[in-house]
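Could you slot chains B and C onto chain A? The hints should help.
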Amino acid sequence: MDRVDVVMSRIIPIMAGGIPVVFLAVFYVYPLAGIFIKSFFDETSFSFLSLFKILQSSRMAGIIWFTFWQASVSTILTLIVSLPCAWVMGTFDFKGKKIVMTLATLPFVLPTIVVASAFQSLAYSIRDISGSSGLLGVTQDGNSAVADFLNWLSSFMQPEHSISMILMAHLFYNFSVVLRITCAFWSSMGKEMKEAASMLGANGINIFFKITLPLLKPAIIASSTLVFIFCFSSFGVILILGGPSFSTLEVEIYRQAAHLFNLPVASCLSLLQILFTFAMMWIYTLIQRKNSRFLPESEKFALRKPACLSEKSAIFLCIFFIIALCGAPIAALIFRSLYYNGTISLIFYRELLLNPSGSIFYIPPFLAISNSLVFALSTLAMALVVGGCAAYLIRKYADLEPGRLSGKFLEPVFMLPLSTSAVTLGFGMIITLDRPPLNLRTSVVLIPVIHTLVAFPFVVRAVLPALRAIPSSLKEAAFIMGASPLRVWMHIELPVIARALSIGAIFAFTISLGEFGATLFAARPELTTIPVTIYRFLGQPGAMNYGQAMAMSSILMLVTASGFVFIENIRRFGHEGF
Amino acid sequence: MGERLAMNELVLDHIYFKSDSESILNDINISINRGSSLSLLGPSGCGKTTLLRIIAGLEKPSFGSIFFRGRDMSDLPSYRRNFGMMFQDFALFPHRNVFKNISFGLEMKRMSKKDIASRVSEMLELVNLEQYAKRDIKELSGGERQRVALARTLAPSPHLIMLDEPLGALDRRLRERLLSDLSMILNKTAITTIWVTHDHNEAFAVSDLVCVMSNGRIQQIGSPENVYHKPVNITVADFLGFQNIIDLRDLPESMDAHENVNTPENISCGAGCKILIMPDSASVVSEDVASDIANKETFFEKSGMGGDTVISGITKSIFFQGSVRKISITTYMNTVLKRWKSDNVFLINQNKLNRNNCRVKTSGKGEEKREKQEKRQEEREEQERTLFFDIPGHAPIPEIGKPIFLRIDRAGIKIFNQDETQAW
Amino acid sequence: MKKMGYLIIVSLLTIVVASSVVCQDTKEGKQNVLVLERQSKNYDHSVVKKITVMTHDSFSVSEEVVAVFEKQNNAKIIFLKAGDAGEALNKAILSKNNPLADIFYGVDNTFLSRAIKADIFIPYSSSNLKDVDDTLKLDSENRLLPVDFGDVCLNYDKKWFAEHHLSPPAMLEDLIKPEYKGLLAIQNPATSSPGLAFLLTTVSRFGESGAFEFWKKLKNNDIFITNGWKEAYWGKFSAASDGDRPIVVSYASSPAAEVHFAKDKDLSGKGEDASGKNSSLEAPTGVVTENGSAFRQVEFAGILKGSANLELAKKLIDFLLSETFQEDIPLQMFVFPANRNARLPEVFQKHARITALPATLPYDQISEKREIWIEKWTELML
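Chains as they are written, first to last, in the working numbering: chain A, 325 to 902; chain B, 215 to 638; chain C, 88 to 469.
Quick caveat, the hints were computed from the structure, so don't treat them as lab data. No residue lacks a Cβ here, since even glycine has one placed at the ideal position from N, Cα and C. Accuracy of the hints is not assured; some may be wrong.
[As the list claims (entries may be wrong)] Here are the computed lysine-lysine pairs in the DSSO-like style, where the Cα-Cα straight-line distance is at most 30 Å: (1) K629(A) / K274(B); (2) K268(C) / K303(C); (3) K204(C) / K401(C); (4) K352(B) / K515(A); (5) K304(C) / K246(C); (6) K518(A) / K314(B); (7) K534(A) / K616(B); (8) K352(B) / K541(A); (9) K274(B) / K515(A); (10) K352(B) / K720(A); (11) K419(A) / K274(B); (12) K362(A) / K304(C); (13) K327(B) / K534(A); (14) K304(C) / K245(C).
[To be verified] Partial pick of chain C residues on the chain A-facing surface, computed with a CB cut under 7 Å: (15) S145; (16) E150; (17) L167; (18) A277; (19) D329; (20) F421.
Bound-form chain A, shown alone (with noise of 0.2 Å):
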């Protein structure tokens, strides 16, 4: 029995906060090190005064400025939009709720490629609507402003490279990032807060003010970190969507490692912009540390049907927007995936299960489907377990015992893969893990667990604030009645996080399957995923290729849905809020 005892809580506990230190040290700290050292201790050529020279232009001191505000303006943009969203979402019970929540993050899932080009077409089917509406002359006073708007519209949406189309892509991929942790966050808060408030003579501006907005502070902050990590290290959206005249830090890092090969100002940037991410999430923490993490204590989901028409119209701007958002362009996309010569067809898709040319690379979608699923299912699984235990040892370590220097560092370490240029790391990889037991180079196991890299600190940044708001009391109530560490942690904490969890596996699932940079590194015919398949499609010309990237786009989005139905039923506790 003691033996057992000892086991639970010793043992388990190093074991579990073992695994993402471990994990981060290997796949992470390990190689960026050897890239690092490599780049500048190896090269004979290469001399400081050159990194400086470059690192001290114009240039460079314009993208670090240009990396800083396009990842605030995107984060703010985002907050604004999202914030009443997660409002209605988070308040209001309504039929429909869960496809608007799945249409939300699908965008999370689609090549930037693609999403340029559903935009284009919605441009254009704009165009032609404003346009059409026009010849009909129906122009009168009263509808210019319609066809004005359209226009502007159109105008807008039309991909050229502008800094507004950056900030809508970014709105677009992150929308649901902040929509979905905050959600989650506010209806667990229930309306007590805001009754009491009321009761003591607040009304709806001050509640939301004084009460709400602050409850909503670790959410929204550890949404937006999120966020700006996220579009501050942005790449493909930057580079297809910005064009060439817009660059941030990651672009540049790509362009000087792959391109120009110089790898010691690809490190340098990389380091720089690890640097920024650390010193954002140290700030972050120390905002975190001053706010009190105390939440009401029972996790009640005060859902409710909207009362009155204000209420009512409200769920219906929500949904209308999300369907203008996120629903238009993949309506687009599916629709141009089965547009053929002027009729509906099947045909793109047809064509996705023939080789016409025999390429070893062909592979049927369906395989694809597969390899999909099981790499996006494997990061699902490491990105909780890894996410989960890093959680936990950051609640051990920062939180409980906040006098610990090591403590104060796990959180904003934790956050640094999702920032890390993926050139970099790949590199790192190339030259470290080539050595059994570590040959990874190229082993199949890598896609996952870079990928896990990227997730794992949306599972973090999920689970943290509900592990936080789980009184200590609850669980020492539980030790005294006899349950185990285990038990405890099945019976108590469990139910508790398992919501945030299961947000975590969302966004570990999704951006598995959306990924492609990483699935690259070992590449084999029989591993291509849905992305691959995609850009394997766009890099030939031909009509043929184009619909069936759009095909396969629509099948990918398809998997992320049923994806999604899948991992909210698998959760049986805490039945709302997605």
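Structure of chains B and C alone, referenced to chain A:
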């Protein structure tokens, strides 16, 4: 009506509340005097919290009005009613410290910083938490949180204060101590108070007026003494925690219980009848006294009033509680029921007692019918029943496992009709 | 738990059923049987030698061709895609102490000097080099052997020019004419290899200073710059997207690909083989290759130092240069085979032309000046 409005602090006038076509509250009418304290007592789901929320303005009634000091409050939003409310789990703001929690209502009143500070310290003094102003909410114990919640509720000097199960979240020991603290503090402030509770002891302890609710209706409203001693129906009795309720429907067919029990006023009290025996109406008597009483003619026939009843059984447990001993006895339905059933008012299940190695003398009349009775009883599925009584602490201590004879005051037996009104 | 299991099964089944329903319509469904067969093929693992080819994302080869080599040599080829052309080469260089592969395929002439400087290839003079034009052999030591080439040039939308009664441009100089204002989409040479090739075309045509003069005028003529070929072709080119640019920088083989992957493939006879399909159609796009307006990109393959399988690697290099592999190249990667004996597929014969006099620059000049030119271009254009 006008007079009633003027005289009373709070008047609830025909309040109805429906939610999703489900009727939550039905025709609630209550008037409370200024400075008095009302308890809404009832099982969970009876609508008491909804009623409280309607008074608070957090819900709108489907029909009916609320008048406060003669003014119709129906259209006044909760934040303008100047009512205070203490929530079940206190709903303290976790992002504000103790001081900031208490000052919230004062800030909303746009009081000056100086006034707020003095009022908060006054409140902290009232609840004995002077040292806690800068504390974080999560550092407080349950009792401290309760007192902060109270101070926060009282700080803006509300006209009316409502407490929703204020002790519900706390453990039992804390509850008893805090209950007295709470009522003492509230008495000091002399504010009209409404409590919501499901614990009748709590309700009796703190309020001038108790309102027992069930299924969205008021069952009984009155002083604690009145409600306790004269429950108007079996629902109230049940809710007040009276355990000695005997449902005649529970009896086996062979008991002939479906035959009417004759009561003095010839009220038909058939199988649907329920009988309540008050726990504090018993006194322990010797076997002789018991059979003496039992051998008298039934009191119904004799005088119609005032006669005593005897219940026998076997002592099961005794709890000494100072002034009283709580005892439970095991008896059989028939020993209780026969009291009304026939002349042979006193019966003991001989077999059962013998089995328990305990001989009990019975009266002559009973002796004659003994064999017949025995046979009948053997055929029966006998219903064992546990009854609970409070007997004076100074009375002789019964022995566990031994027969016990109890004399029940006439006032201690109440019979309720099928429709749950008191028949007698 | 059971419910969960059902859900997985149901959602997976839906997808599989959906795809197989689509499959039923196709008569040509046979072809994917081939792929499945390959996976179940039994190799005698004790004798089968494995050989790894590291390459870039755009590499492709047909199943049958691989099978020929594998059968001949009782070997198994493992393909390793390592990112875009630059990334893949960099990975090969980084892993030179412990190479990832035996053979690297896909160093182009803009990266040639980097590869040679890094000294990661073993010289091998394959006998098949005799069939390759000397102009393609840029490495005299034969560490890197030319395997294919493609010409980067302007593509234009035939329909657009017909509708607008404008003749398509004939040479680079035309692009700065006012009538071609706002018609061209190009790629950023810093991030895209056709973009770089196009920059090199202008340098080759006008000389270094003349080229940037030309770019200055080009800038005034409202050109659209993207970071990659995909964005330009699929996003801006009027023949392939909803875009409004009828001229784009792409490959001389792109029209052949347009025909090969045309939507209207059922118009053509079904009996024809894959390469002959659609070839009777007219290409929707045309190319501008004359007057030094097409830049030749040559791709090389080589044996990586440290290969454990030198003999087999040599055989594979021979194979890559053989007609079997070379004839497979056009329809897989839409570039031209280096081996002059390789027969071009019909669609290439009809719709793709090999530029007679392509623009070229010595690779050492490219390597020396590339970054300076890109830097200069970036300053000027962005």
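Right, here's what the structure says about each hint:
{"no.": "1", "hint": "K629(A) / K274(B)", "verdict": "holds, 15 Å"}
{"no.": "2", "hint": "K268(C) / K303(C)", "verdict": "holds, 13 Å"}
{"no.": "3", "hint": "K204(C) / K401(C)", "verdict": "holds, 22 Å"}
{"no.": "4", "hint": "K352(B) / K515(A)", "verdict": "holds, 19 Å"}
{"no.": "5", "hint": "K304(C) / K246(C)", "verdict": "holds, 26 Å"}
{"no.": "6", "hint": "K518(A) / K314(B)", "verdict": "holds, 16 Å"}
{"no.": "7", "hint": "K534(A) / K616(B)", "verdict": "violated, 66 Å"}
{"no.": "8", "hint": "K352(B) / K541(A)", "verdict": "holds, 17 Å"}
{"no.": "9", "hint": "K274(B) / K515(A)", "verdict": "holds, 16 Å"}
{"no.": "10", "hint": "K352(B) / K720(A)", "verdict": "holds, 17 Å"}
{"no.": "11", "hint": "K419(A) / K274(B)", "verdict": "holds, 25 Å"}
{"no.": "12", "hint": "K362(A) / K304(C)", "verdict": "violated, 43 Å"}
{"no.": "13", "hint": "K327(B) / K534(A)", "verdict": "holds, 17 Å"}
{"no.": "14", "hint": "K304(C) / K245(C)", "verdict": "holds, 25 Å"}
{"no.": "15", "hint": "S145", "verdict": "holds, 5 Å"}
{"no.": "16", "hint": "E150", "verdict": "holds, 5 Å"}
{"no.": "17", "hint": "L167", "verdict": "holds, 6 Å"}
{"no.": "18", "hint": "A277", "verdict": "holds, 6 Å"}
{"no.": "19", "hint": "D329", "verdict": "holds, 5 Å"}
{"no.": "20", "hint": "F421", "verdict": "holds, 6 Å"}
Checked against the numbered hints given earlier, the structure breaks hints 7 and 12 and satisfies all the rest.
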